[in-house]
Each structure stands twice: as structure tokens, then as C-alpha cells.
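Enquirer: Just so you know, the protein sequences line up as chains A and B, in that order.
Counting from 1, one number per residue, gives the positions in the first sequence under full-length UniProt numbering.
Counting from 1, one number per residue, gives the positions in the second sequence under full-length UniProt numbering.
Be aware that one or more of the hints could be misleading.
To be verified - Using 20 angstroms as the maximum straight-line C-alpha spacing, the simulated PhoX-like pairs for lysine-lysine come out as follows:
id : chain 1 : residue 1 : chain 2 : residue 2
1  : A       : 75        : B       : 38
2  : A       : 94        : A       : 75
3  : A       : 279       : A       : 49
4  : B       : 39        : A       : 75
5  : B       : 140       : A       : 172
Unchecked claim - Away from chain A, derived, C-beta distances all over 12 angstroms, residues of chain B:
id : residue
6  : 112
7  : 125
8  : 133
Since the hints were derived computationally from the structure, they do not count as laboratory data.
Backbone N, C-alpha and C define an ideal beta-carbon position, used for all residues, glycine too.
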Amino acid sequence: MYLKSALRAATALTVFASTAAFAETITIATVNNGDMIRMQGLTEDFTAKTGHEVEWVTLEENVLRQRVTTDISAKGGQFDIMTIGMYETPIWGKNGWLVPLNDLPAEYDVDDILPAMRGGLSHDGTLFAAPFYGESSMIMYRTDLMEKAGLEMPAAPTWEFVADAARQMTDKGNETYGICLRGKAGWGENAAFITAMSNSFGARWFDENWAPQFDSEAWSNTLNFYINLLNDAGPPGASNNGFNENLSLFQQGKCGMWIDATVAASFVTNPSDSTVADKVGFALAPDTGLGKRSNWLWAWALAIPAGTQKEAAAKEFIEWATSKDYIELVAENEGWANVPPGARISLYENANYKDIPFAKMTLESILSADPNNPTVDPVPYVGIQFAAIPEFAGIATQVGQEFSAALAGQQTAEEALAKAQALTADEMEAAGY
Amino acid sequence: MATQHSRSAARIMMAPAVILLLGWMLVPLTMTLYFSFKKYLPLRGGDLGWVGFDNYARFLSSSAFWPSVQATLTIVGGVLLITVILGVFLALLLNQPMWGQGIVRILVIAPFFVMPTVSALVWKNMFMDPVNGLFAHLWKAFGAEPVSWLSEASLQSIILIVSWQWLPFATLILLTAIQSLDSEQLEAAEMDGAPPVARFGYITLPHLSRAITVVVLIQTIFLLSIFAEIFVTTQGSFGTKTLTYLIYQRVLESQNVGLGSAGGVYAIILANIVAIFLMRIVGKNLDA
Chain A
1 MYLKSALRAA
11 TALTVFASTA
21 AFAETITIAT
31 VNNGDMIRMQ
41 GLTEDFTAKT
51 GHEVEWVTLE
61 ENVLRQRVTT
71 DISAKGGQFD
81 IMTIGMYETP
91 IWGKNGWLVP
101 LNDLPAEYDV
111 DDILPAMRGG
121 LSHDGTLFAA
131 PFYGESSMIM
141 YRTDLMEKAG
151 LEMPAAPTWE
161 FVADAARQMT
171 DKGNETYGIC
181 LRGKAGWGEN
191 AAFITAMSNS
201 FGARWFDENW
211 APQFDSEAWS
221 NTLNFYINLL
231 NDAGPPGASN
241 NGFNENLSLF
251 QQGKCGMWID
261 ATVAASFVTN
271 PSDSTVADKV
281 GFALAPDTGL
291 GKRSNWLWAW
301 ALAIPAGTQK
311 EAAAKEFIEW
321 ATSKDYIELV
331 AENEGWANVP
341 PGARISLYEN
351 ANYKDIPFAK
361 MTLESILSAD
371 PNNPTVDPVP
381 YVGIQFAAIP
391 EFAGIATQVG
401 QEFSAALAGQ
411 QTAEEALAKA
421 QALTADEMEA
431 AGY
Chain B
1 MATQHSRSAA
11 RIMMAPAVIL
21 LLGWMLVPLT
31 MTLYFSFKKY
41 LPLRGGDLGW
51 VGFDNYARFL
61 SSSAFWPSVQ
71 ATLTIVGGVL
81 LITVILGVFL
91 ALLLNQPMWG
101 QGIVRILVIA
111 PFFVMPTVSA
121 LVWKNMFMDP
131 VNGLFAHLWK
141 AFGAEPVSWL
151 SEASLQSIIL
161 IVSWQWLPFA
171 TLILLTAIQS
181 LDSEQLEAAE
191 MDGAPPVARF
201 GYITLPHLSR
211 AITVVVLIQT
221 IFLLSIFAEI
231 FVTTQGSFGT
241 KTLTYLIYQR
251 VLESQNVGLG
261 SAGGVYAIIL
271 ANIVAIFLMR
281 IVGKNLDA
């Protein structure tokens with residue numbers, strides 16, 4: 001027994017010594033979401049296997065997006081790996097800013113990555129970022145409050161049902177709010193949510209000639225519905241709430257329903273963080289019967305900026321963090337409910353994972369999202385909660401601010417839409433559309 | 001008296017520092033000017049050529065420009081008003097003999113040492129949050145509906161946060177000035193039967209005018225470029241987009257370096273106008 005352990009230790013030491021000669025310190029920029037925080041906690045495993053050290057730069061979502069975009073466009077070279085999403089990857093890949101990931105080893109099994117994720121993280125068929133986790137959005141709701149209201153959540157509800165249920169669940173005196181939705185301005189915050197929602201109301205950002213469509217009736221319906229619903233059944237100060245704020249409210253038991261990223265499911269059902277862990281149900285994001293649901297498609301992925309001096313070590317990290325082994329590692333340490341979801345097909349075939357209450361709904365939500373045909377009427381862009389053009393982030397942040405101000409009661413929905421229409425038209429004209 | 005020789009030696013020795021400082025200021029300024037005449041879109045291939053004054057016209061005609069100037073001036077004005085008035089009041093109070101004076105003074109000055117980002121985060125999450133914040137609990141304790149400070153009274157909230165940070169600075173400068181006030185003059189006025197308000201209006205306040213000028217000048221310079229508090233609390237929503245924030249949005253969020261640079265040039269011009277204006281009006285006090 002001792003001999004075995006000693007031999008193991010000696011082998012580990014030899015491996016470590018031989019790799020340590022080439023050991024690098026890589027700097028990784030990432031978002032402060034739970035799964036990434038978990039990844040940081042497990043970094044020792046990567047260091048033990050490869051000898052490479054990791055330095056983390058963990059930032060809030062909006063800040064991360066600006067930091068990495070600035071760094072890569074100005075060729076700042078601060079990071080060896082960046083956490084980016086489906087919006088940035090194809091645009092940056094096209095600009096030649098990212099190292100292609102088409103030479104990953106066979107055991108990595110690229111074909112195991114969900115096709116929707118692989119497609120969204122590629123440009124011209126070349127993979128430029130590996131998905132750490134993938135997500136769609138869905139309804140997370142309190143089963144006890146639903147029961148109390150005498151309602152039963154259908155698997156695929158309509159907005160009408162959701163709004164009605166939200167109003168019935170609301171008990172402001174006891175700080176129970178029927179629905180929590182993103183209201184904080186930002187293209188990845190409220191603009192993402194409202195854009196996905198608008199798809200189900202038949203709205204779109206641009207027509208086929210790239211003309212902004214905020215003056216349409218469908219947009220007016222979307223924004224008015226959203227504002228009225230949050231005013232009636234949302235928490236106070238909803239216009240300041242993003243993903244993390246709403247997560248915290250839901251975990252404190254203050255939200256009857258929350259429509260947001262599927263990845264939140266593991267946080268709201270985790271008894272050590274959530275006071276309502278055993279009372280959460282899941283359903284598909286709502287629709288209005290027009291054929292599109294209001295769920296999105298997103299992947300937080302790891303990519304290597306072109307020009308980094310530590311490409312080999314960075315690739316080793318990406319292989320480690322997005323591999324099947326990493327999923328096993330998290331499962332071993334934190335349980336199957338906490339593994340990064342939505343990226344690999346094999347996870348959903350795993351018998352251990354099938355029992356997780358949100359697994360089925362997550363996969364269904366991801367599979368029902370089609371970034372190539374996101375809207376009821378045809379559009380010239382790809383992307384569900386965004387339009388994959390370089391100008392989108394800048395425009396949508398400003399549009400999001402107008403929506404947020406409308407939600408806060410500083411202006412009407414119509415005023416916000418008129419401003420959104422004008423500023424989008426300005427920016428598109430400046431960009432040469 | 002310095003000889004010709006020692007004077008040239010001094011010049012040579014100072015030259016590196018002067019050149020360094022000049023470069024420090026001139027390089028960014030020249031680059032801002034250079035980019036402001038270019039169509040420079042990093043996400044669309046970078047440098048797309050010269051565009052003359054296009055960026056300047058576009059920045060000025062954008063619907064966000066005038067509201068941002070207005071927001072900037074409102075914040076600067078609001079903070080100055082609060083810090084000067086409360087600063088005078090606090091300085092008078094702290095000048096009174098009291099038990100534990102040293103500790104009280106340190107406590108009053110303390111907010112100035114808190115980083116703007118940290119204080120903004122504390123205000124946002126611990127005080128102003130409409131569900132979990134201290135104010136919300138206070139409001140609820142009195143049976144009132146909690147206020148969403150940062151969205152319903154966004155500018156006022158930011159003015160409050162920034163004032164809290166700058167009040168110690170104003171107090172400190174004004175307290176120093178009050179301490180230099182000749183007490184005999186005040187006593188004489190008191191013996192002549194001047195009431196406290198008159199003593200304050202005719203003796204203390206004129207004596208403080210020079211210190212108030214310093215406070216206004218220094219704070220204005222810093223407040224014109226206020227950023228961190230807005231970034232942390234509202235990210236430019238709800239009418240809190242100042243000129244600095246607008247420039248940031250143009251350059252970093254919209255990735256339009258040319259347009260943002262033109263905005264930068266406007267900001268420099270605005271800052272200079274305000275500075276000259278202030279020097280003219282209040283600078284006289286410094287000469288007196």
C-alpha cells in the first residue's frame with residue numbers, strides 16, 4: 001500500500017518536474033458567475049496535471065465584456081484566455097483576433113459539443129472558442145406559491161398565463177413579488193432579455209434592409225407588456241436588477257417566478273445558497289402563440305487571443321476546463337447538479353445527470369432556440385437575444401438604458417421606443433449600413 | 001543671488017522632469033486630436049481614413065450630447081452647493097471645544113479616504129437598495145413604500161454619494177481657515193452687541209471666502225470628470241450620463257474611437273471654459 005502510494009507520488013513528481021520546466025503562468029479573464037467561481041476553486045487540479053499556474057481576473061458581466069473587447073481590439077495582450085460568448089466569437093474570429101481551435105486532440109471529442117453551441121462559436125466552420133457552459137432561458141418558479149394561487153404551470157406556458165400567475169402570486173406586504181425579470185441596462189442584461197421576449201411578440205431589431213423596427217406595433221406591445229407586468233408584480237427597483245440581483249432575490253424567496261438563464265437552475269436548487277431550493281419548478285420560456293418562444297441561446301466560452309505568447313499552455317487550459325473530465329471532476333467535488341451544463345451531448349446521456357430536476361428542461365430550451373431564424377418575420381442577422389454585428393453591443397446598451405428608464409417611470413414606453421429608434425438609426429448610418 | 005552659471009545648471013537638471021511632464025500631457029492630447037479627425041472603428045478593421053470634422057459634428061448633434069452636459073453641470077453644481085454649505089456648518093461645529101474632538105474630526109474626515117468605487121458600491125447595495133437596503137428598512141419601519149433611489153431619484157442619489165465623499169475635504173479646508181480667524185475680532189463684535197448671525201455674516205463668512213474659493217476650484221476640476229460613482233451605480237442610465245461617461249460609452253461600448261476622441265476634445269474645451277469662468281469670478285478672492 002505504502003509502496004503504491006510512494007510510486008504514485010514519485011511519478012507525479014517526475015511528471016511535475018518535467019512539465020515544470022515549461023511551466024507558464026497564464027492570465028484568464030472571466031465573468032463572476034457561479035460556474036466560473038467553481039472553476040477557479042478547482043484550478044489546482046490543472047496546475048497539478050500540467051505545472052502551469054493560473055492568474056484569474058474575475059469581473060462583473062458588463063465590465064468583463066468591455067475589458068476584453070478593449071484589450072483585443074487595441075491588442076493590449078493582457079490576457080492569455082478570455083471568457084467570451086456567442087456574440088463576440090464569430091466577429092472576432094472573422095477579424096483574425098482569435099486562435100482557431102481546430103487542432104484539439106481526439107480524446108477531447110469536439111463532436112460531443114452540442115451542434116447549436118459549436119455553430120455559434122464558429123466562423124466559416126472553424127471553432128474559435130470552446131464552450132464552458134451553454135444556456136438557454138426558461139421559467140424558474142416557486143411550486144408552493146403556484147399551488148397557493150390555485151394554478152398549475154404548464155410545461156410550455158403563454159405570456160398571458162405567466163402574467164396572470166405573477167399578479168396572483170404577488171404579495172407586496174410580505175415582500176413576495178410574482179415575477180423577477182432583468183431591468184438593469186446593458187446589452188447583455190435587459191436588452192438581451194427584452195430582445196428574446198420581443199421575438200415571441202413578433203418584433204425584430206431590423207428588417208431585411210437593416211432598418212430599425214422600434215416604431216412597430218410589435219415592439220410597443222412587448223415593452224408595454226413588460227413594463228406593466230413588472231410594475232404590477234415585480235420587485236421594487238426592478239430597473240436596477242440584472243442576473244445576479246434577481247438570482248439573489250429568488251434565492252431569498254422573494255420571487256414567484258424568474259425567467260432567466262437555464263444555468264441559474266443549479267444555484268436556485270442548491271440548498272446551501274437558496275432558501276427555496278426544494279420548491280422550484282421549471283418550464284419553457286413563454287410565447288404568445290406566434291411560433292417563437294422568448295428563450296435565448298448563449299454560451300460562455302473560452303478563447304485565446306491571437307498573439308499571446310502562451311498559446312500552448314492556454315490551449316491546455318481550455319482542453320482541461322471544457323473537457324468531459326472536468327465535468328466528472330466537478331461532479332466528484334460538488335455533485336452532479338453543479339456541473340457546467342449545456343455544452344456537451346454526453347452530459348445529457350449520462351445516467352447520473354438524468355435525475356437532476358432541471359436537466360431535461362435545460363436541454364429542451366437549448367434545442368428549441370434557433371439563432372438562424374430567431375424571429376417571426378425574416379431578419380438579416382444571426383442571434384436570438386442579439387444581432388451579430390459589431391455595432392450591436394454599443395447600440396443595445398443605449399437602447400437598454402432607454403428601456404430601463406421607461407421601467408423606472410422616467411419616460412413612457414413610447415418615448416423610450418422613439419429614442420431607441422432614433423439612436424439605432426443614427427448608429428447604423430454612422431456604421432455605413 | 002544665482003549666477004548665470006548656476007542658473008543654466010539648474011535648467012539642465014530640471015530639463016528631464018519638465019520633458020517627462022510635458023510628454024505625459026502632450027502625448028495623450030495629441031493622440032486624442034489625431035484620432036478625432038479619423039474614422040477609427042476597431043471592430044471594423046481599425047483605421048478607415050480621415051474624416052475632417054465629421055466626428056465633431058456627429059458628437060455635437062447626437063441626442064445624448066446636451067443632456068450629458070446638463071447632467072455634468074447639475075452634478076457639479078449640486079455637489080458644490082451641498083459640500084460648501086454643509087462644510088461651513090461642520091467646520092463651525094468642529095471648531096467648538098468638545099469632548100473627544102480629535103476622534104470626531106478623524107471620523108468626519110474618514111469618508112475622503114474611502115475609494116470612490118467602494119463607497120459607491122456600499123451606498124448602492126447597503127443603503128439605497130430598495131429591497132435589502134438600510135433606507136428601505138427605515139422606510140418600511142415607518143410604514144412607507146421603499147424608494148428606488150438610483151432609478152427614481154438617480155441624479156440626486158449620485159449627488160448625495162459624491163457629496164458624502166467630498167464633504168470631508170471641504171470641511172477640512174474650511175476648518176483650517178476658521179482656526180486662523182482672529183478670536184479677538186469676534187470677541188470685540190460680541191461685546192459691541194452683534195448677534196451670532198451678524199457675527200457669522202460680517203466676520204466669519206468673509207474670512208472664509210478665500211477657503212471657499214479653493215474648495216470650489218479644486219472640487220470643480222475633479223467633479224467635471226466624475227466617473228466611477230456613475231459606472232458603479234447606474235452605468236449611465238436614468239439621465240446620469242455625464243460628458244465623461246458619454247465619451248467612455250462612445251469609445252469603449254460603441255468602439256468608435258474617433259467619435260469618442262472628438263468628445264474628449266469637447267470635454268477639454270468645456271473644462272477650460274469652466275476653469276476660466278471660475279478663475280475670473282472667484283479668482284479675484286485669491287488676489288485680495
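Enquirer: If we take the beta carbon of residue 112(B), is the closest beta carbon in chain A still more than 12 angstroms away?
Expert: Residue 112(B) is indeed farther than 12 angstroms from all Cβ atoms of chain A, at 25 angstroms.
Enquirer: Are residue 39(B) and residue 75(A) close enough, with their CA atoms no more than 20 angstroms apart?
Expert: The hint holds at about 18 angstroms.
Enquirer: Would you assess whether residue 125(B), listed as outside the interface, keeps its beta-carbon beyond 12 angstroms of every beta-carbon in chain A?
Expert: About 9 angstroms separates residue 125(B) from the closest Cβ of chain A, which leaves it inside 12 angstroms; violated.
Enquirer: For the pair we were handed, residue 279(A) and residue 49(A), check the Cα-Cα distance against 20 angstroms.
Expert: violated, 40 angstroms
Enquirer: Measuring Cβ to Cβ, find out whether residue 133(B) lies farther than 12 angstroms from everything in chain A.
Expert: With a cut-off of 12 angstroms, residue 133(B) comes too close to chain A, as the shortest Cβ separation is near 9 angstroms.
Enquirer: Would the hint linking residue 94(A) and residue 75(A) be met if the CA-CA limit is 20 angstroms?
Expert: Holds: residue 94(A) and residue 75(A) sit about 16 angstroms apart, inside 20 angstroms.
Enquirer: Sort out whether residue 38(B) lies within 20 angstroms of residue 75(A), counting only the CA atoms.
Expert: holds, 19 angstroms
Enquirer: Decide if the proposed pair is consistent with the structure: residue 140(B) and residue 172(A), CA atoms, cutoff 20 angstroms inclusive.
Expert: holds, 12 angstroms
Of the numbered hints stated above, those contradicted by the structure are hints 3, 7 and 8, listed in ascending order.
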